[in-house]
Amino acid sequence: MPLFRTFGAVAAALGLFLAPLPTADAFGPVKSVKQQSAEARLLAQFESLAALSDGTVGIAVQDLSTGEEQSLNGDTLFPMASTYKVAVAGKILAMADAGALSLQDQVPLDPAQPARLRSLHDLIDLMLTHSDNDATDALVARAGGPATIHQWVAALGVKGLRVDSDTAHLLYRAMGISPAAGSFRRNVAAALEADSSLRQRDARDLPNIAFTLDPRDTSTPRAMNALLAAIQLGQALKPASTVYLLEMMERCHTGKARLKAMLPPGARIAHKTGSLNGYGGDVGIVTLPDGRMFAVSVFVMKDYKGRATRDSIMAHAARAAYDYFLFAPARRTA
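Numbering (our numbering) for the sequence shown: 11 to 344.
Okay, derived cross-link-like pairs now, DSS-like style, lysine-lysine, Cα gap no bigger than 30 Å in a straight line:
id	residue 1	residue 2
1	Lys-248	Lys-169
2	Lys-266	Lys-312
3	Lys-169	Lys-312
4	Lys-41	Lys-169
5	Lys-266	Lys-315
Everything labelled a hint here was simulated from the structure, so no lab data went into it.
Kindly generate the complete structure, drawing on both the sequences and the hints.
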């Protein structure tokens, strides 16, 4: 090898060796000791809350101003149950934004009673404030089916959340029922009559483990927060529809013992609950006194301790997140 080429190679190697190391800022801001301590304390609280259940607990929180996320089992799949109704409402409102429908359009609440009509507005109200399943499935049908709702969510860039079923078929799978022709209520009544174990599981609030392991109609806590963030930040709907949806969610009548239970009096929260045997969930957006907001999603599955325990986990998780975002030191480099 020519001498000048050897010398050049050596010089280049020395140059790399002697070059100054990159500063800490090159790898992103360095968290202050106080911030690290606050994060560790929050995650320790999440861990202690998870220990209250004999199942699996997922908690994710996201600051909607900075994007900061903290989570426990944040990328674990959980059944959504009725929390998926946020996506149903979002798809319907997106169709209204595109001029594909009007919220004053009248549709049957029950296919078996086609003359019994309600406006889409009324159905969204029933779905979000009272978690009405008939209203939900009428909206799912008007949206074009579960696949169209899933496609809308995916188009927002949300990964880890999938919609595969309307409420009736989701509940059939949760109960382990193979439905015959006829109404949902008739099929459920017949199944409970034929199989006493189904009635016992329902009465004792016991989970269906096979259902919780099914990837259909599931979301990770972080994915649900991503959907909530897309809505709140105006990435999913037009401004008027965003306000409409969140104000509707603020009037949610279910879950009084869940996310909202331990928040300070008057604290604003737009949320949606979900419940199944051995499962509980609540997802929403909380507004702090200074106007900052954070998304919070809490899911508990495969739990045998009961609804009161699940509700308490959700309530304490929301309050821990509220205090963290309200009182944690300003995000800055050390």
